[in-house]
Structure formats: C-alpha cells, structure tokens
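Visitor: Sequence:
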Amino acid sequence: MARPTTVQEAKMETATEAVVAVRETPVEVDERGFMKDPSHWTPGAALFLARRQGVRDWPHELESDHWRVIDFMRNYHQGAGNAPSLRYTCRALGLTKKQFSALFPGGLLTVRRICGLPGARKAANKRERWLLTRDWWTILTND
Numbered sequence: 014m015a016r017p018t019t020v021q022e023a024k025m026e027t028a029t030e031a032v033v034a035v036r037e038t039p040v041e042v043d044e045r046g047f048m049k050d051p052s053h054w055t056p057g058a059a060l061f062l063a064r065r066q067g068v069r070d071w072p073h074e075l076e077s078d079h080w081r082v083i084d085f086m087r088n089y090h091q092g093a094g095n096a097p098s099l100r101y102t103c104r105a106l107g108l109t110k111k112q113f114s115a116l117f118p119g120g121l122l123t124v125r126r127i128c129g130l131p132g133a134r135k136a137a138n139k140r141e142r143w144l145l146t147r148d149w150w151t152i153l154t155n156d
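Counting from 14, one number per residue, gives the positions in the sequence shown under the numbering used here.
Label-pair ranges, simulated between beta-carbon atoms: (1) T55 x N95: 19 to 27 Å; (2) W150 x N88: 39 to 47 Å; (3) W150 x P39: 38 to 46 Å.
Think of the hints as simulated: they come from the structure by calculation, not from any bench.
Even for Gly, the Cβ is constructed at its ideal location relative to N, Cα and C.
Throw the hints in and build the complete structure from the sequences for me.
Guide: Given below as structure tokens:
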C-alpha cells in the first residue's frame with residue numbers, strides 16, 4: 014500500500030479499510046428510495062442502498078473511489094445542510110463527469126440515496142404546491 018500524501022487521504026484509507034469488514038445492513042426507505050431516517054446511516058447501510066439501486070454490474074464491494082465520493086458528500090451535507098452539485102463534487106475530488114458516471118451510473122441521486130442524504134425537497138409552501146399540482150391543461154382549454 015502506498016503511503017498517503019495528505020491527512021485526508023490517510024483518513025480515507027483507514028475508513029475504507031474499516032468499511033470492508035462491515036456487513037450489509039438493511040434500512041427502511043421511502044417510495045423514492047431515500048432512507049426514512051438518515052440518522053441510522055452506516056457503511057453497511059450504504060452497501061445495502063448501493064445494491065438496492067438495481068444498477069447492473071454494481072461492484073460486490075464499494076471501492077475506495079466510491080467511499081471518497083460518499084464521505085465527501087456526507088461531510089459537505091453535514092457542514093452546509095444541503096448536498097453539493099455534481100460539478101462542485103467533481104471539481105473538489107479531481108474527477109471528470111465521465112469518471113463520476115463510471116463510479117455511479119445512476120448519477121447524483123443514486124449517490125444521495127447511498128449516502129443516506131434526504132431527497133430533494135418538495136414545494137416548500139402552500140402556494141408553490143398549489144401551482145405545481147394544478148391541471149393547467151384543463152384550466153387553459155376549458156371555455
């Protein structure tokens with residue numbers, strides 16, 4: 014094993030080595046595939062959620078690059094309160110979008126599910142919900 018060059022890489026290698034021994038842990042998910050209680054997230058839950066995504070040819074174990082992305086997104090969410098964009102994530106981790114897509118074929122939502130982050134929020138207030146749920150076709154074509 015090569016010697017890590019930064020403290021963050023050292024932490025990542027230790028975390029990744031510890032995670033390999035963890036068993037898959039089933040967790041409850043909602044109808045969109047997001048964890049019902051994100052506070053119950055564990056590395057074992059991440060393995061369960063990754064397999065649950067139904068991605069063909071998903072690796073038997075998440076590799077160090079997968080854990081790098083997962084750890085980054087979880088840490089960012091913990092600090093900022095929201096998930097980072099794909100562009101920001103790729104730039105911060107030195108990945109291209111093509112490399113990111115190779116790691117997580119389902120895209121950013123797949124990673125959010127695996128990380129145990131909440132799904133994108135629904136319309137925040139009553140007015141927005143009203144506007145989004147209206148049947149505008151019927152309203153506009155009705156004489």
